[in-house]
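Colleague: Protein chains in written order, with numbering that gives the first Met the number 0: chain B, 0 to 269; chain R, 0 to 269.
Among the hints, a few may not be true.
What the hints assert, rightly or not - Some chain R residues judged to face chain B by a derived CB distance under 8 Å, without partners named:
1. Arg139
2. His173
3. Pro208
4. Ser248
5. Leu249
6. Ala267
Hints were generated in silico from the structure; no laboratory data involved. Built from N, CA and C at the ideal position, the CB exists for glycine as well.
Protein chains: 2
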Amino acid sequence: MTADQPLLSNPRSDRVRQVAALGRRAVRARRGQLLVEGPQAVRELVEHAPGAAREAYLTTEAAERHGDLVAAALAAGARVRECTPEVLAAMTDTEHPQGVVAVADRVDVPLPQALAGVGEGFVVLLAHVRDPGNAGTVLRGAAAFGAAAVLVSESSVDVYNPKVVRSTAGSLFHLPVVTGVPVAELLTGCREAGLRLLAADAGGTTPLPEADLGGPHAWVLGNEAWGLDPQVRQACDAAVAIPIVRAESLNLAMAATVCLHASSAARARR
Amino acid sequence: MTADQPLLSNPRSDRVRQVAALGRRAVRARRGQLLVEGPQAVRELVEHAPGAAREAYLTTEAAERHGDLVAAALAAGARVRECTPEVLAAMTDTEHPQGVVAVADRVDVPLPQALAGVGEGFVVLLAHVRDPGNAGTVLRGAAAFGAAAVLVSESSVDVYNPKVVRSTAGSLFHLPVVTGVPVAELLTGCREAGLRLLAADAGGTTPLPEADLGGPHAWVLGNEAWGLDPQVRQACDAAVAIPIVRAESLNLAMAATVCLHASSAARARR
Numbered sequence: 000m001t002a003d004q005p006l007l008s009n010p011r012s013d014r015v016r017q018v019a020a021l022g023r024r025a026v027r028a029r030r031g032q033l034l035v036e037g038p039q040a041v042r043e044l045v046e047h048a049p050g051a052a053r054e055a056y057l058t059t060e061a062a063e064r065h066g067d068l069v070a071a072a073l074a075a076g077a078r079v080r081e082c083t084p085e086v087l088a089a090m091t092d093t094e095h096p097q098g099v100v101a102v103a104d105r106v107d108v109p110l111p112q113a114l115a116g117v118g119e120g121f122v123v124l125l126a127h128v129r130d131p132g133n134a135g136t137v138l139r140g141a142a143a144f145g146a147a148a149v150l151v152s153e154s155s156v157d158v159y160n161p162k163v164v165r166s167t168a169g170s171l172f173h174l175p176v177v178t179g180v181p182v183a184e185l186l187t188g189c190r191e192a193g194l195r196l197l198a199a200d201a202g203g204t205t206p207l208p209e210a211d212l213g214g215p216h217a218w219v220l221g222n223e224a225w226g227l228d229p230q231v232r233q234a235c236d237a238a239v240a241i242p243i244v245r246a247e248s249l250n251l252a253m254a255a256t257v258c259l260h261a262s263s264a265a266r267a268r269r
Numbered sequence: 000m001t002a003d004q005p006l007l008s009n010p011r012s013d014r015v016r017q018v019a020a021l022g023r024r025a026v027r028a029r030r031g032q033l034l035v036e037g038p039q040a041v042r043e044l045v046e047h048a049p050g051a052a053r054e055a056y057l058t059t060e061a062a063e064r065h066g067d068l069v070a071a072a073l074a075a076g077a078r079v080r081e082c083t084p085e086v087l088a089a090m091t092d093t094e095h096p097q098g099v100v101a102v103a104d105r106v107d108v109p110l111p112q113a114l115a116g117v118g119e120g121f122v123v124l125l126a127h128v129r130d131p132g133n134a135g136t137v138l139r140g141a142a143a144f145g146a147a148a149v150l151v152s153e154s155s156v157d158v159y160n161p162k163v164v165r166s167t168a169g170s171l172f173h174l175p176v177v178t179g180v181p182v183a184e185l186l187t188g189c190r191e192a193g194l195r196l197l198a199a200d201a202g203g204t205t206p207l208p209e210a211d212l213g214g215p216h217a218w219v220l221g222n223e224a225w226g227l228d229p230q231v232r233q234a235c236d237a238a239v240a241i242p243i244v245r246a247e248s249l250n251l252a253m254a255a256t257v258c259l260h261a262s263s264a265a266r267a268r269r
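Isolated chain B (complex conformation) (with noise of 0.2 Å):
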């Protein structure tokens, strides 16, 4: 399949160090790429996002072991070369990106165009969140529950942040992704889409079990160390809250599970 290309086998080549570039946040937002590593997230990226995908890097034993991934590689008309694993362990500082590696073009999608799929459905938004995992996790949620978009504002984690990417395995592809907009846009055009904003907020005053999920909403999470912007909180039709019996017990990527999860059980009732 590649064999018409010579194996890479220099670690300091040009190209080599254009991909492990994309570990940089600058490097990735001047270029409007990101890297994805491992078969798992590169399957998911040629298969849901095929027209992202720009290169693909393969050792030789990963070549073989996924030859289903090789062809929708290049189906997806994504460059596909193979290299040796000293090559491909100089493209990321994943200890164990188990031979497989890809640059993509950034898949996010304008606001409008991530709200204009919600119908009846619900969608999440991020203000400020600046842990990778926790992102990641939404992120997989998100996708997990189905909802209609993510929306990551300003000034949170870049989710092409590899550790982001990784956590996310794949869930980044599956649905629309929003990102740099400031927090009080999002507010509002998810207002304006007929959105209830409903704020999970651990002091929020409605319990979970008694939020209103009947109808479109969004769920707005805050940064993991201060919570919700006073003024982010006054902006949300309600503070919702999760019952737990201690406090200080769940974490955001926690919260967010179960809220998104209470989200589709709702829709699946109605």
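Based on the hints, put chain R in the right spot on chain B.
Modeller: Using the frame of chain B, we list chain R on its own:
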């Protein structure tokens, strides 16, 4: 408070080496002790499991900032020593222990004792769960949602692994934990205690909204990679799946969070 004892300043002293050695499983097992890092977790230790608190080490700055913690540690009967930031750093492999670590005795209890308190409640059983972050998050969720106990099978991750202890955020000291017991014995114990055994299983035939959570029950969670062993699944009364729209989009910690929340919500409705 600790002014009668000199500041610990030698990162290569025997005492510092002995604390740092608790990063190794064999040492923890031999000494029956664990390392607790950061002010929040140490506070939970001295407040909720004071009998287990042996030693607390704080930088001078942390001791000044957390006077209440020093007082609580002394009240718990722990030896409290101030130390230099270099000593504290040498005691852990954490980048930011925030100036506070403690040495605690293990807190696990025998299975009959853990099950004695279940009543009409629920427990969670980890069968061969290997990832420290997953185990820690499950412990956190169990404490959040009022599980009566967490039962961790033999050949699961060591719950006293510093990574687990960190990710429990102190929840380890909030509820009875059983460790090192073979899965079969845990299942038998739960059954004899009158618990309904529910396998959390992405391929399960009972959707979560239809699961019988009306009486005492145990959630049985399997290994991250290979799931539940067939014989474990067969020993359960039901295999319960969380309805999702995207396959493989929930990890073990997310699934556990949703199941434990469902149990908590079901109990609130009773």
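Colleague: Hint by hint, say whether it matches the structure.
Modeller: Evaluated hints:
| no. | hint | verdict |
| --- | --- | --- |
| 1 | Arg139 | holds, 5 Å |
| 2 | His173 | holds, 6 Å |
| 3 | Pro208 | holds, 6 Å |
| 4 | Ser248 | holds, 4 Å |
| 5 | Leu249 | holds, 5 Å |
| 6 | Ala267 | holds, 6 Å |
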